[in-house]
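Protein chains in written order, with our numbering: chain Y, 1 to 321; chain H, 1001 to 1619.
Hints are supplied without guarantee of correctness; some may be wrong.
[Unchecked claim] Not close to chain H: a few residues of chain Y, all C-beta gaps over 10 Å, as computed: (1) G55; (2) T79; (3) D134; (4) D146; (5) A149; (6) F175; (7) P207; (8) L214; (9) L241; (10) G255; (11) L256; (12) A260; (13) E317.
[What the hints assert, rightly or not] One side of the interface only, derived from the structure: several residues of chain Y facing chain H at Cβ under 7 Å: (14) T152; (15) T181; (16) D182; (17) L183; (18) R211.
Think of the hints as simulated: they come from the structure by calculation, not from any bench.
The C-beta atom is built at its ideal place from N, Cα and C for all residues, glycine as well.
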Amino acid sequence: LLLVAWSAWGETRPKYGGTLRVEARQAIESPDPPALGRGMPDLAGPFNITLWESGRRAVFEANDGAPGGRPFLDRVEITMGRALREQSLDLELARADIVELGPADLRRQVAGRKVWSSAPVRVLALVFSAKVEDARVREALALAVDRAAIHTVLLQRQGEVSGALLPEWLSGFAFTFPAATDLPHARTLAVGARPLMLGVEDAALRPIADRIALNARDAGLSVAFGASFDVRLVELRVISLDPARALIAMAAALGLPEPARADTPQALYAAEHALLEGFRVIPLIHLPDVYGAGPRVHGAPGISPLGEWRFENLWLEGGRP
Amino acid sequence: MTFRTRLLLVFTVAVVAAVGIVELLVVGNTRQTFERMEAQRVDVLTRQFRKEFERRGREIVRTVNAIAGSEAAVQLAANPDPARWYEEAGQLAATRGLDLLEFVAGDGAIVSSAEWPTRYGYKEDWLVPGPASATGGDWKLPGAFLRREELPTGMTLALVGVGVATAGDRTAYIVGGQQLDRDFLSTLVLPEGMRVLLYRNLDPPQLIDAKGPAAGADALKPLVDQVRASRRDASRTVGAGADAETFHALALAGSDEDVLGVLLIGSSRRALAELESSLLWNGIAVAAAGILVGIAVSWWASSRITRPVHRLAESAGKVAAGDWNASVEISTGDEIGQLARAFNRMTGELVAQRERLVQAERVAAWRELARRLAHELKNPLFPLQITVENMQRARERYPEQFDEVFREGSATLLAELAQLKQIVGRFSDFAKMPAPEMQSVDLNGLVRDTLKFFEPQLAQAGVRAEVQLGSGQPLPYGRGSLGDAQTSRDREGAVPALEVQADQEQLSRALRNLVLNAIDAMPQGGTLTMRTRGLNGGARLEVSDTGQGLTPEECARLFTPYYTTKTHGTGLGLAIVQSVVSDHGGRISVESEKGRGSTFRIELGTHAEATNGTSTVGR
């Protein structure tokens, strides 16, 4: 029994060493490694960057002098610009240890795969350009989109349907912003509307855009895809646990007027309401960051509730005892 | 039109007509053969299309039924959650070779769609039992059928099959199919010169071929409309000439009998047009060669035929010119030979008749001459006889008066003998008519002398004389130094000379005969006009009277010897005039109108035409 217990404890005991292979969809094209934002900047401290190939690859080495102690991992190699489908295959074929998962990957059951999901820290939204001056058309599209169908099928129930920019877990009043579909009203608003061009900044969002176009057609809006867009489907990130700061950052990212600094929930609600009034921005769904980890990755979840990388606590099977 | 031209024309028309008829027959048969072959090729292609259509339909139905019979389909029927099945239709369609594949829940909601993945949740009401269903919801019996399907890129036409999966009391529909598009058309093996188009009755309508969108939809629209309206196959030729194309249209109906597509099998008529063109040019070449041969043959034939005719015509011309001995050489025994023999016989008879006629005329002339002589001689002979008998009777019965009777009788005998001598002299003159001795003669002077010679007779006959000498104006004659006559010399001081080469004596005799003739023509008096006029190298003399004139018949016989319209005379005067003029190389003619006088015109030393008048006789 002692031997069995010792063996079992030995398998679960963290080990040092090994290289964690991480793949990311985003290809950061910059001369220097990013210092701010999510992902690689989170590794600063426990790890030191030793190689930077812009848009392709980055290598981080364990920092022996890290404040919290040396990470178990010797090295983290990050491959950038990998499509979700390729990442999923690499994970299944053990060519990667941590990958981003898309909705399609969540539908498939993969043996030994661990799924780490953050809180809903991203928001999908439609943003109208200044060319679309008719608020009735913007409202018609907002009322036509069937968020629930997108959330259920295309996003495999990840995240939550919302009509607000700030997620419910951050603001507490997101549910008060309407997100229901009202096709009859949308049809009345869409009468006489000219065709809209819809832009999609990320190819992974194309199915969602297709569904939005289909919903828009039900409301009598003609939506096509093109580079010279009237409205675009974008993804925003909650960058702060402070809702006011997060809202200001979102407004800045969307090119909207900066909301007033809100110190109270009422003020924050008013600020967000003011941003959404006029339907220049139509929030659709809040999404979490979802990662898949291979079977040899052990340790606590490698991401925080905000989706930050926490690789210093991870260790790899087969590392040094 | 000559016989040769006519023969050539007939031959050309015959060749062209024959070649044309042959051309028409050949072209007609060629066209029939071509169209029969085209019909066969269209039939083969139609059967090929239908076979491929049915094969694909069976394959689709079999695939769809296989999917519907799978465990996954049962699970689908039991749990039609789009979140679970979202990508399944697309993956399965790719592995099963289907363009279209949809999983549809029992309520008609799309669970998963290969062709339009994001269309999940939308209803396909035509599948479920109800008014919109094409089969009442029973999809076990129907095979594949045509249907309009909507894709994100637009409408399309597809051959679809429906399978049904059940899990307990739950139902799911599997709708699979293949587009009827250019890929489908590219599977058809087309003979050379044929092509296949597919009209897809969509919104907007599409016309495609194996390479993609096809041109010419406007030209084919009437045919397509005809097929859609009648729901039956039809044919029509589009275009013209070598670009013409015959299209056979097959109606492709959907499950509700609506014509959703029209298969257009086009057969180019270029080959036929080129063949017809080749036949046409060959026909033209043959016709041209035939015409050339026809020209040669007609030339040869016409030469063979017309040569004796020409000879015949030449002989006839000779006969007409007076050569009565002309004959035609007979070398053939055909109709032309018979004609030549008849001609020779005719000319022979004409010669014989002419000789007989000449003989008869000669006899008649002698008889006329004898009659005239007898008549002329009988008149003076009778007084001679009476005078001699008186003289004999006076000597026998009245000797005392014989001397006086003898004296009177001798005078009478001498007078009558002089008359006889004169008569004999005239005949002698006419018989003699010596050759003229040409010398320069003033015609105007001769006219004047002649009028002067006849002044007494003119005055006695009450005839007024006028002369127009040279280009002078008419002047009254009969006043002035020449008695009552006046000439242009009298008025202008000199008679213009009009010199001609003539025998003055003979010409003077001729003028006197004409003047005498004119005086005789005006027994009641009248006007005698004599005109002279210089001509190119000669002169013209006209003697006109205002007498009773002559009939055309009289004009025709006027210069015949011994012919006269008068009760006295020998009928030799005008014959002498004509003889003199003829001996001078001139010509004489007469113009006369009954009741309005006559004009005798003599032209000497010139070849000018005689003036035609009411009645003209000339030689």
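These are the hints, each one checked on the structure:
Remark: the non-interface label on G55(Y) is consistent with the geometry, its nearest Cβ contact in chain H lying 30 Å away (cut-off 10 Å). Distance to chain H confirms T79(Y) as a non-interface residue, since its nearest Cβ pair spans about 25 Å, more than 10 Å. For D134(Y), the condition that its CB be more than 10 Å from all CB atoms of chain H holds, with the nearest at approximately 26 Å. At roughly 8 Å, the least C-beta separation between D146(Y) and chain H is not larger than 10 Å, which violates its mark as non-interface.
With a minimum CB-CB distance of about 5 Å to chain H, A149(Y) fails to clear the 10 Å threshold, and the non-interface call is violated. At the 10 Å boundary, the C-beta of F175(Y) stays outside the reach of chain H, the nearest C-beta of that chain being 22 Å off. The claim that P207(Y) lies off the interface is violated: its Cβ sits roughly 5 Å from the closest Cβ of chain H, which falls inside the 10 Å cut-off. For L214(Y), the condition that its CB be more than 10 Å from all CB atoms of chain H is violated, with the nearest at approximately 6 Å.
Every Cβ of chain H is farther than 10 Å from the Cβ of L241(Y); the closest lies at roughly 31 Å, confirming the non-interface assignment. With a minimum CB-CB distance of about 28 Å to chain H, G255(Y) clears the 10 Å threshold, and the non-interface call stands. A cut-off of 10 Å between C-beta atoms confirms that L256(Y) is not in contact with chain H; the least separation is 29 Å. Every CB of chain H is more than 10 Å from the CB of A260(Y) (nearest about 39 Å), matching its label as outside the interface.
Interface exclusion of E317(Y) from chain H stands, the closest Cβ pair being 32 Å apart, more than 10 Å. Of the supplied interface hints, the one on T152(Y) holds, with its beta-carbon coming within about 5 Å of a beta-carbon of chain H, less than 7 Å. Using the Cβ-Cβ criterion of 7 Å, the hint placing T181(Y) at the interface with chain H is not satisfied: the shortest such distance is roughly 11 Å. Using the Cβ-Cβ criterion of 7 Å, the hint placing D182(Y) at the interface with chain H is not satisfied: the shortest such distance is roughly 17 Å.
The closest approach between the C-beta of L183(Y) and any C-beta of chain H is roughly 13 Å, which is over the 7 Å cut-off, so the hint fails. Hint on R211(Y) holds. Least Cβ distance to chain H is approximately 4 Å, under the 7 Å limit.
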